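Undergrad: Here is how the chains run, residue by residue.
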Amino acid sequence: MIGEILQSSATSGLEAAFKRALGRSLEDLSNDWRDAIQTTFLPQLGDHYRARRIAQPTLTRRRSRGRIFLAPALTPDGKDIAFFGDEGGFFVDLWLADGETGRVKRRLVKSTQNKQLREPALHQFGRARFLQTAATSRSPPSAKTATTS
Amino acid sequence: MILDVKRGQEERRIHVGLNGLQTPQWSPDGQQLVFTGFSNGFTDLYTINRDGTGLRRLTSDKFADLHPAWSPDGKTIAFVTDRGGATDFDLLRFGNLRIALLHLETGAIDMLGNMEIGKNINPQWAPDGRSLAFVSDRTGINNVFLYDMIDGQIYQLTNMFTGVQGITPLSPVLTWAPQADRMAFVYYEDGQYSVYSLENPRSLRRAPYRGPSAQPVVTLLQAEARDTLFQAPRASACNNVTTGCALGPR
Chain A
1 MIGEILQSSA TSGLEAAFKR ALGRSLEDLS NDWRDAIQTT FLPQLGDHYR
51 ARRIAQPTLT RRRSRGRIFL APALTPDGKD IAFFGDEGGF FVDLWLADGE
101 TGRVKRRLVK STQNKQLREP ALHQFGRARF LQTAATSRSP PSAKTATTS
Chain B
150 MILDVKRGQE ERRIHVGLNG LQTPQWSPDG QQLVFTGFSN GFTDLYTINR
200 DGTGLRRLTS DKFADLHPAW SPDGKTIAFV TDRGGATDFD LLRFGNLRIA
250 LLHLETGAID MLGNMEIGKN INPQWAPDGR SLAFVSDRTG INNVFLYDMI
300 DGQIYQLTNM FTGVQGITPL SPVLTWAPQA DRMAFVYYED GQYSVYSLEN
350 PRSLRRAPYR GPSAQPVVTL LQAEARDTLF QAPRASACNN VTTGCALGPR
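If you read the sequences in order, they're chains A and B.
Position 86 (the first sequence) corresponds to 86 in the numbering used here; numbering is contiguous.
The numbering used here runs 149 ahead of the 1-based position in the second sequence.
Keep in mind the hints are simulated off the structure, nothing from the lab.
Remember, it's a predicted structure, so these values are computed and weren't measured experimentally.
Each hint should be verified, as a subset may be incorrect.
[What the hints assert, rightly or not] The calculated EDC-like cross-link candidates involving lysine to aspartate or glutamate, where the alpha carbons are at most 16 Å apart (straight line), are:
{"hint": "1", "chain 1": "B", "residue 1": "K268", "chain 2": "B", "residue 2": "D231"}
{"hint": "2", "chain 1": "A", "residue 1": "K105", "chain 2": "B", "residue 2": "D153"}
{"hint": "3", "chain 1": "B", "residue 1": "K211", "chain 2": "B", "residue 2": "D200"}
{"hint": "4", "chain 1": "A", "residue 1": "K110", "chain 2": "A", "residue 2": "E87"}
{"hint": "5", "chain 1": "B", "residue 1": "K268", "chain 2": "B", "residue 2": "E254"}
{"hint": "6", "chain 1": "A", "residue 1": "K105", "chain 2": "A", "residue 2": "D93"}
{"hint": "7", "chain 1": "A", "residue 1": "K79", "chain 2": "B", "residue 2": "D330"}
{"hint": "8", "chain 1": "A", "residue 1": "K105", "chain 2": "A", "residue 2": "E87"}
{"hint": "9", "chain 1": "B", "residue 1": "K224", "chain 2": "B", "residue 2": "D259"}
{"hint": "10", "chain 1": "A", "residue 1": "K19", "chain 2": "A", "residue 2": "D32"}
{"hint": "11", "chain 1": "B", "residue 1": "K224", "chain 2": "B", "residue 2": "E254"}
{"hint": "12", "chain 1": "A", "residue 1": "K110", "chain 2": "A", "residue 2": "D93"}
{"hint": "13", "chain 1": "B", "residue 1": "K224", "chain 2": "B", "residue 2": "D178"}
{"hint": "14", "chain 1": "A", "residue 1": "K79", "chain 2": "B", "residue 2": "E348"}
{"hint": "15", "chain 1": "B", "residue 1": "K211", "chain 2": "B", "residue 2": "D237"}
{"hint": "16", "chain 1": "A", "residue 1": "K110", "chain 2": "A", "residue 2": "D86"}
{"hint": "17", "chain 1": "B", "residue 1": "K155", "chain 2": "A", "residue 2": "D98"}
{"hint": "18", "chain 1": "A", "residue 1": "K110", "chain 2": "B", "residue 2": "D237"}
{"hint": "19", "chain 1": "B", "residue 1": "K155", "chain 2": "A", "residue 2": "D77"}
{"hint": "20", "chain 1": "A", "residue 1": "K79", "chain 2": "A", "residue 2": "D93"}
{"hint": "21", "chain 1": "B", "residue 1": "K155", "chain 2": "A", "residue 2": "D80"}
[Said to hold, decoys possible] Far from chain A, by Cβ distances over 10 Å, these chain B residues were calculated:
{"hint": "22", "residue": "S209"}
{"hint": "23", "residue": "K211"}
{"hint": "24", "residue": "A235"}
{"hint": "25", "residue": "T236"}
{"hint": "26", "residue": "A257"}
{"hint": "27", "residue": "D259"}
{"hint": "28", "residue": "M260"}
{"hint": "29", "residue": "D286"}
{"hint": "30", "residue": "T307"}
{"hint": "31", "residue": "M332"}
For every residue, glycine included, the Cβ atom is placed at its ideal position computed from N, Cα and C.
Go ahead and model the full structure; you've got the sequences and the hints to work with.
TA: Below is the structure:
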């Protein structure tokens with residue numbers, strides 16, 4: 001059937017090709033498709049919800065600078081959170097924010113200033129690993145963060 | 150790299166003689182780190198003292214050993230592995246990712262039960278060490294689950310639309326602060342990766358998880374294809390096309 005559509009769309013155009021092969025206009029086909037998708041999937045979504053039903057937004061575009069917030073690591077007392085973020089820019093750095101309000105406190109590691117990451121050969125590899133890893137120590141008194149770079 | 154966040158300075162940079170390392174996690178007393186190390190393309194678990202001495206290899210095998218997390222009593226490491234299932238290196242077949250426990254004193258590894266389905270990653274210990282939160286896509290969507298050490302049952306804590314998910318399927322996305330009993334997770338929403346957090350996540354625990362209530366999506370799609378997409382329109386299409394139906398797929 002795909003072959004038919006391809007072949008006749010070359011001679012008589014897309015709309016006519018679909019009409020000929022399927023007996024339906026493109027608009028009808030789109031409506032059928034939407035109906036089929038909704039009939040299939042909407043019943044399955046009934047028990048699902050968005051995160052805000054059970055949890056508070058902590059690091060989001062609206063509350064903190066940036067578009068991505070990844071690999072979060074809370075301190076043991078939950079007061080601070082380390083994470084990888086882009087601050088709305090191109091580079092992903094390691095940041096520290098308030099664990100409850102999400103207010104960004106400061107940048108912990110700047111990826112472009114990490115000596116190893118400046119090596120061209122290690123750059124891609126280093127960045128990839130850098131994206132994945134953050135840990136906060138459970139040991140008082142000072143919060144420690146370990147990263148791989 | 151170990152940063153002293155309070156003083157705002159780098160405490161130490163540890164160089165490990167491996168091809169790479171990932172996902173460091175502190176021991177409860179803050180004196181050691183456990184991490185996944187890469188050696189010759191294989192992942193294994195290692196520990197090291199915070200001063201960079203005493204590198205110790207915990208596993209030495211061809212299986213994946215990922216996302217280690219130290220138990221609150223310091224005796225056990227929870228981690229992610231593809232052992233225990235369908236993995237067969239001779240056939241290059243790899244099973245699903247499951248959660249396992251490594252007992253530091255004996256080196257013995259226990260595979261947790263109810264891990265036969267889907268991807269199961271990112272274990273995080275409850276403050277009392279009696280349960281483990283982890284992320285699983287066994288329903289088709291990545292959500293937070295709880296493994297109870299006492300009854301061996303799985304409990305689904307969240308049932309969100311778009312999923313607890315980072316950029317890659319194995320990105321760490323879950324953290325649980327033991328003193329505050331506060332959990333934070335990455336949530337993919339509106340094309341962005343946000344972080345949400347909640348207190349006392351175990352309050353979301355309901356009846357044990359017994360598999361999906363709805364039919365798996367794949368089955369539904371196959372049924373849909375059988376019923377509508379190919380059979381019904383195809384008959385009328387054949388009547389209309391002068392060249393016949395030979396070009397279409399059977």
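Undergrad: Are the hints correct? Go through all of them and say.
TA: Against the structure, the hints:
1. B:K268 / B:D231: Since the Cα atoms of K268 (chain B) and D231 (chain B) sit roughly 10 Å apart, the hinted pair holds (cutoff 16 Å).
2. A:K105 / B:D153: holds, 15 Å
3. B:K211 / B:D200: Roughly 29 Å separates the two Cα atoms, so the pair is violated.
4. A:K110 / A:E87: holds, 11 Å
5. B:K268 / B:E254: violated, 28 Å
6. A:K105 / A:D93: Satisfied, since the Cα-Cα distance of roughly 13 Å is no more than 16 Å.
7. A:K79 / B:D330: holds, 11 Å
8. A:K105 / A:E87: holds, 12 Å
9. B:K224 / B:D259: Holds, at roughly 13 Å.
10. A:K19 / A:D32: Judged against 16 Å, a Cα distance of about 14 Å means the pair holds.
11. B:K224 / B:E254: OK: K224 (chain B) and E254 (chain B) at ~7 Å, within 16 Å.
12. A:K110 / A:D93: holds, 5 Å
13. B:K224 / B:D178: holds, 12 Å
14. A:K79 / B:E348: holds, 12 Å
15. B:K211 / B:D237: holds, 10 Å
16. A:K110 / A:D86: holds, 10 Å
17. B:K155 / A:D98: Judged against 16 Å, a Cα distance of about 13 Å means the pair holds.
18. A:K110 / B:D237: This hinted pair is violated, its Cα atoms lying about 42 Å apart.
19. B:K155 / A:D77: holds, 14 Å
20. A:K79 / A:D93: violated, 20 Å
21. B:K155 / A:D80: holds, 11 Å
22. S209: holds, 21 Å
23. K211: Check passes; 21 Å lies beyond 10 Å.
24. A235: Nearest chain A Cβ is 26 Å from A235 (chain B), so the label holds.
25. T236: Its Cβ never comes within 10 Å of chain A, the nearest being 23 Å, so this holds.
26. A257: holds, 25 Å
27. D259: holds, 24 Å
28. M260: The claim stands: M260 (chain B) keeps its Cβ more than 10 Å from every Cβ of chain A (closest is about 24 Å).
29. D286: holds, 14 Å
30. T307: Label violated. Min Cβ-Cβ 6 Å, cutoff 10 Å.
31. M332: Non-interface label on M332 (chain B) violated, nearest chain A Cβ at 8 Å vs cutoff 10 Å.
Checked against the numbered hints given earlier, this structure breaks hints 3, 5, 18, 20, 30, 31; the rest are met.
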